[in-house]
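S.K.: Residue-level listing of the chains:
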Amino acid sequence: MKQQTQQEKLKTIGISFLALGFFPLIWFLFQAILFRELTEIISRNLLVVFALIIGSTFVFLLFWGMDKIIKLSPKDNRESLEARMFAGPSLFMISLFLFYPAIRTLYISFKDRYSNDFVGFENYKWAFSDPEMLVTIRNQIIWLIFVVSLVLFIGLVVGWLSDRLNKGEAFFKSIVFMPMAISAVGASAIFKFIYEYRPPPLTQIGIINGIRVSVDRLGTQCMNNRIIDGVFNGFGDPNCLKPIGWLQQRDLTNLPFTENLNPDGFLSSILINLPVNTMLLMVIMIWMFTGFAAVVFSAGIKAIPSEIMEAGQIDGASELRVFRSIVIPYIKSTIIVVGTYMVVTVLKAFDIIYVSTRGDLETNLLAVKMLDEFSKYRNFGRSATVAVLIFVCVLPIIVGTALRERENTQS
Amino acid sequence: MKKPLLVSFLLLTLILGACGGGSLEGEEVTITGALIGSDQDGFRAAFEDFTAETGIIVSYQGSDNFEQEIQIQMESGDTPDFALWPQPGAVVDAATRGYLTPLEDLGIDLDQYQNDFSSYLVGLGVVDGVIYGGANAANLKSIVWYQPAEFDARGYSVPATWDEMIALADQIVADGMNPFCFGMYSNGASGWLATDWMEDIMLRTGDGVDSYDKWVSHDIPFNDPMVKNAATLLSQIMHTENYVVGGTDAIVSTYFGNAQDPMFSKDANGNPGCFMHRQASFITGFWPEGEQAGAGSITTVFPFPSIDPSLPAAALGGGDMWGAFNDRDATKAVAEFMLSAEFYNNVAIRDGNARLSAHTGFDTSLYASPINKILGDTIAAALSANSFRFDASDLMPPEVGAGSFWKEMMNLAVEGPGYIDTALDTVENSWP
Chain A
6 MKQQTQQEKL
16 KTIGISFLAL
26 GFFPLIWFLF
36 QAILFRELTE
46 IISRNLLVVF
56 ALIIGSTFVF
66 LLFWGMDKII
76 KLSPKDNRES
86 LEARMFAGPS
96 LFMISLFLFY
106 PAIRTLYISF
116 KDRYSNDFVG
126 FENYKWAFSD
136 PEMLVTIRNQ
146 IIWLIFVVSL
156 VLFIGLVVGW
166 LSDRLNKGEA
176 FFKSIVFMPM
186 AISAVGASAI
196 FKFIYEYRPP
206 PLTQIGIING
216 IRVSVDRLGT
226 QCMNNRIIDG
236 VFNGFGDPNC
246 LKPIGWLQQR
256 DLTNLPFTEN
266 LNPDGFLSSI
276 LINLPVNTML
286 LMVIMIWMFT
296 GFAAVVFSAG
306 IKAIPSEIME
316 AGQIDGASEL
326 RVFRSIVIPY
336 IKSTIIVVGT
346 YMVVTVLKAF
356 DIIYVSTRGD
366 LETNLLAVKM
376 LDEFSKYRNF
386 GRSATVAVLI
396 FVCVLPIIVG
406 TALRERENTQ
416 S
Chain B
96 MKKPLLVSFL
106 LLTLILGACG
116 GGSLEGEEVT
126 ITGALIGSDQ
136 DGFRAAFEDF
146 TAETGIIVSY
156 QGSDNFEQEI
166 QIQMESGDTP
176 DFALWPQPGA
186 VVDAATRGYL
196 TPLEDLGIDL
206 DQYQNDFSSY
216 LVGLGVVDGV
226 IYGGANAANL
236 KSIVWYQPAE
246 FDARGYSVPA
256 TWDEMIALAD
266 QIVADGMNPF
276 CFGMYSNGAS
286 GWLATDWMED
296 IMLRTGDGVD
306 SYDKWVSHDI
316 PFNDPMVKNA
326 ATLLSQIMHT
336 ENYVVGGTDA
346 IVSTYFGNAQ
356 DPMFSKDANG
366 NPGCFMHRQA
376 SFITGFWPEG
386 EQAGAGSITT
396 VFPFPSIDPS
406 LPAAALGGGD
416 MWGAFNDRDA
426 TKAVAEFMLS
436 AEFYNNVAIR
446 DGNARLSAHT
456 GFDTSLYASP
466 INKILGDTIA
476 AALSANSFRF
486 DASDLMPPEV
496 GAGSFWKEMM
506 NLAVEGPGYI
516 DTALDTVENS
526 WP
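These protein sequences, in sequence, are chains A and B. Residue numbering for the first sequence follows our numbering, beginning at 6 and increasing consecutively. Residue numbering for the second sequence follows our numbering, beginning at 96 and increasing consecutively.
Among the clues, some could well be false.
Straight-line alpha carbon distances no greater than 25 angstroms define the calculated SDA-like cross-link-like pairs of lysine to any residue that follow [claimed, not checked]: (1) A:Lys14 / A:Trp69; (2) A:Lys116 / B:Asp188; (3) A:Lys130 / B:Thr517.
Cβ-to-Cβ under 8 angstroms is the rule here; a few derived chain A residues that face chain B [what the hints assert, rightly or not]: (4) Arg143; (5) Pro206; (6) Leu207; (7) Gly241; (8) Gly250; (9) Arg363; (10) Asp365; (11) Leu366; (12) Ser380; (13) Tyr382.
These are calculated hints, taken from the structure and not from any lab test. Glycine included, every Cβ here is placed at the ideal spot set by N, Cα and C.
Excised from the complex, chain B in its bound form (with noise of 0.2 angstroms):
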């Protein structure tokens, strides 16, 4: 009965499609991924200006379920016009069972988009040579959180090499204090923080970002001495006796979300309980309440110390990026966008936001919190330089960046030093 309104309908749509010709206005474009709370409400404020100059209306759905998900969705072939992924494995995965629409279709200025956006980025999002993954976030691991005042205070200086940072660890030690905060649990995850460690520890020995590289694809073995020496160097902070506030006991048991808190807190002299916390961006949001708003002033990063001089300054970090399912001129304009310098302008200037551009032209000045501008500014320049290396144990198989690394590292905090060669025969057999 309702079925000539409906028809009526449609033919209106239609003739009101028609008359549109050619211009994108009021064309639907989806994106689903895996931001949810102001990250969403961040990453839906970048498309305003976009849909009032182009008419495209762009809807971002998140779902803390995304990855399950979007399996079932490309599978039954009911996908979103897009997919924002918080790992570049998951965009070539897809690519290779053939989902993705690559760049080139979506008629992308792919050197233009590599000179953008580095091409290590860049390359994390290819299969066969084919470009598939869209740039978008960054964030910094490469950071170590420490509190100027504190450091001014007793005459400490920011130490810029290794060396350095254990000289100020064995002061701080000898004027009966902790100088690092180290806390590495954490549910289903517990030693990723270590493994961070590991990672930060391998870009600056041995060759530096090519035997990293080789170290993620396996071209030398977990227990070559390389990797070997930067476990003894991370061992030697996790080991040596009140370099950690609280002991090895503590490495293993505090949850990495309240590592920090002994900085906050000053005992009866005035002292805080950790002077150093080597720990990604992103830590700020587990801070207490009360010490968020100092992230960037109060509380600031210097970059992770150089241990190999000879070797150029790098950054650690991870990133998320998308892939288009299609290649709709609607889903073309949108993904030109995404690649602009612009797109983050929107989000970068709300407060709270704690996602960072990936893009090496985007005006950090832009960033509302301090922080941010410094992060910012250290990703740009690591892009640049193609000294920005992405998370190791996220690109190595998922049984040893999520499985086996992680645990050894649990037991290495758990056994002491004697146990690094272990550890990494026990990772190398691991290895599929």
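The following block holds chain A by itself, in its conformation from the complex (with noise of 0.2 angstroms):
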């Protein structure tokens, strides 16, 4: 009895062998080679649409050869044999794309700028002295806290008020919700036009220059962009406000209110420095995700069961209280789900940077910034040495995820 369980043992180590191994490496070789020589014959047009249809024929043929070949496996194992052949597959693809990937790159991020020799932690010691990647970081930091608070902050505003509509609610979850529609590239280049910026004598195409610099202050009227007598006032009238290119102003010096504040005060030190140019980026962030946090809200909110909210309401609590005693702790969870999403989109932040200012004057966020060290600079040991602190950003909310998961399965 015993002898045989060992013998079905081996047989099934040589037909998993078998069918996970030696199979697909042959299958694979075979399509490898099959497709370097069509690639000779026949046009790449063409090479696609064959690609497709040999592609998925071949995708068929692998499962159907592995699970031949498990049939011949005693009964007992199959189950888990085929469990395996499912799994195979997709693990491969993540150690090879996901894993290997990972690993190389820790590995180069202790190397020199070639990835020819080990240099140990220089530079991870630079990535925390130089000037310029402190500022990044203090960059990533600030969009960290504000745009994840926010967003949340404002689509939680958002999705209760609009909860409280009579009518036109899905109109107007509509429209907040549309921003999330425009990719982020579409989405800055429409903020480049609000904070568009050009030399004085010019017309401004900016919004926000074009009021700024038509409107009255007080105390004196400002003649530009306007029609007196018959001719049209261009735009030299000294009067008026200056023009500010908004995505140029690292601190708040160039704006008027804040000549009278004094520089060596705590708080009004803070006010003067504060990075206008990168405030003015989030913007386009939270704009974009807003509606999209609201409208998960309202569906969290809507999910409330009506009984509590009167039960609530009959024992006389406020507006505000009901908000805060019940719909928040009811809606807990999508919050930590809403919030998750937002850091991770937040550490990943590319396009907006790379669209708007790509990292000019201090408005660098990592993402951009390793980049940057891999095509301007060419030093691979620092870019993949920034890969890594995104990635260690990343981690504790991947296992915060994980851990969360597992606790709502247990209970």
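Hints given; two lone chains; assemble the complex.
M.R.: Right, dumping it as structure tokens:
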């Protein structure tokens, strides 16, 4: 009896090697050779069509073949082998395209600019001492704090208020949700027009500067952009406000109201040094994701049983109290999910910076800095280091999500 | 099942190829590069006569992602016959790593080549004394754009020296206008315009091209008195009140492509926003549509004024360079053609062409637009006199040339003349 199990075990090992190792390898080589030959013979366009047809047929053949081989094994072990058969290809893909690059990036981050020699922790020392890198990390922290909290806060308020609407809720929500349908590149382009700057005698095409240079200030009258006695007055009136290159302001010193602030005071010095351009770029992302958050929260609020809400109201709780003591605890998990999503999105934020300022004038974020080090300064070691930093920031979130997932399945 | 057909086809080509014997008829030579759009069409057109004559089919493929693609191709060994890089530095990089074929192996007459393109330009593609790079096109940066009609109407004359330019600027300010257009914002590359100014001033002060070359190779430190002098002169332009239209804020905030727009816009009294704009020859592409036709006539250039009269006239510019990956006979023929004076003939006659031949023997009267003729003559003269110099920030290590140098120029513009020492010290410290 025992002898037979031993034999069965051996057989199973042999079959699993055949089915999960040898056969897929043959399968892969055959396909690789076939495609190499095909590219020589047929044109590129045709190849795409061929690849689709042949590729999908081959995937079918792979599973069919593996299944046939596994069928030869003893019955008891078949089920676990089948499971491995289905998990195998995806595990292989994940390790090839995710684990391997991740480990290699970590490895490269300890090497020099051309990945030739080991430099120990040099790159990490650089990451936390280089002034530009420090500014980038500062920006990333500002983004994380403000974008995530503002998206959650505004999203909650909008979601809660839209739920109170008697009619037109769907219309209102679709308007708020709309920015989500615009790509980050498109949104950045839109906001670039809002913040656009032209040197003073030219007509301002950016809406903020357009308003700035043609409105009256207290006490003085601005004559820009007016038709006086049938003659168009241009943009040369010195009494008007000056346009401001919004995305080029690293602090508030060019704004008139800061003139009266004492630069040595603690609070006022913080105020003066607010990075305007970074804040204005954050507006783009907040604008894009608030609607998304609002719609998700609104769905969560809708799911609250009306009895609980009514009970609260009967007990005489104020609107704010209901919001704080019933709504928030009830949709807590939704808030955590949206918050997690936003943290990851901010850490990956790339397109907004890439399109609008490309990181100039202290607006850089880690993801763009990673690319800069790679293609602009051609320093692979530092680029990999920045990538590792981003990964380390995301890591707690992955772990947290996994833990919560486990809790959910247990409860 | 298709095998027999394939085999017979292969046999046929073999037989046909054998019959062709010796001639390069039908051979294909591939070139990749960063030129796209109309530049790509122009570059392809350059080979039309050559193909008709020799039968060698030259196919050029441009890509805006060329620099990354060629890196991958080199590492995988799947290279084209030629690559045309927008910067000589990349040719040196590829040659150092052993991918390129020396021009000598391509049967190029090296003395003739140095004679035609100047030893300086050729020297940019040299590794350990071996010439790898083939010079191709050049552009000119040492120019100041102005509108002669506006100058004449007010009795201003074109300044030949720095002092004259400052005197003219003071005169314009006294007349209640702004002399300079200056905008150096550029997504991801903000500050390069000021580095160009610095380079032009460096070429005309100190020991001229000698100190310039030392500056580029870091044989003199970045905070050397000569460099400081250049920064001081630049700061005079940037920070003197009313010199730049829109003031210092405008320098930092204006996108370089829009910087010249004030010159084209007249106020109620008919005065333009500015009178002079120092910018490279390619800026015409950024002008408002209606103004582009006037390049070379309505809006034209004068050379960047000389500063130290004892130094010979110098010109700052950029240019691209090719490298060859093999020494096939067809490759040799194409290489020889690309280094001939006739190579740019078909390009020059095209409308809207902005690329200028770096060959000193090129017939500049062929250029379709008048501005190209002026620029082409200036480049040829500077190359012949060996006073043409390549953009320093492109030759410096990227941490400096595309990093701290740009950034500190932005900071200098914002902070004012008191920041010069800090700016130069910071760049010096960032040199790897």
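S.K.: Does the nearest C-beta of chain B fall within a distance shorter than 8 angstroms of the C-beta of Arg363 of chain A?
M.R.: 3 angstroms, holds
S.K.: Tell me if the interface restraint on Arg143 of chain A is satisfied: Cβ within less than 8 angstroms of some Cβ in chain B.
M.R.: With a minimum Cβ separation of about 16 angstroms from chain B (threshold 8 angstroms), the hint on Arg143 of chain A is violated.
S.K.: Once the shortest beta carbon distance from Leu366 of chain A to chain B is found, is it less than 8 angstroms?
M.R.: 7 angstroms, holds
S.K.: Using the nearest Cβ pair, does Pro206 of chain A come within less than 8 angstroms of chain B?
M.R.: 4 angstroms, holds
S.K.: Would the pair Lys116 of chain A and Asp188 of chain B pass a check requiring their Cα atoms to be no farther apart than 25 angstroms?
M.R.: 20 angstroms, holds
S.K.: Tell me if the interface restraint on Tyr382 of chain A is satisfied: Cβ within less than 8 angstroms of some Cβ in chain B.
M.R.: 5 angstroms, holds
S.K.: Holds or violated: is the Cβ of Gly241 of chain A closer than 8 angstroms to a Cβ in chain B?
M.R.: Constraint on Gly241 of chain A satisfied, holds at 5 angstroms.
S.K.: Grab the minimum C-beta distance from Ser380 of chain A to chain B and call the hint holds if it beats 8 angstroms, violated otherwise.
M.R.: 7 angstroms, holds
S.K.: For the pair supplied as a hint, Lys14 of chain A and Trp69 of chain A, confirm whether the alpha-carbon distance does not exceed 25 angstroms.
M.R.: 23 angstroms, holds
S.K.: Tell me if the interface restraint on Asp365 of chain A is satisfied: Cβ within less than 8 angstroms of some Cβ in chain B.
M.R.: 4 angstroms, holds
S.K.: Please check whether Leu207 of chain A passes as an interface residue: C-beta within 8 angstroms of a C-beta belonging to chain B.
M.R.: 6 angstroms, holds
S.K.: Keeping to a limit of 25 angstroms between CA atoms, is the pair of Lys130 of chain A and Thr517 of chain B held or broken?
M.R.: 24 angstroms, holds
The structure fails hint 4 only (numbered hints given earlier).
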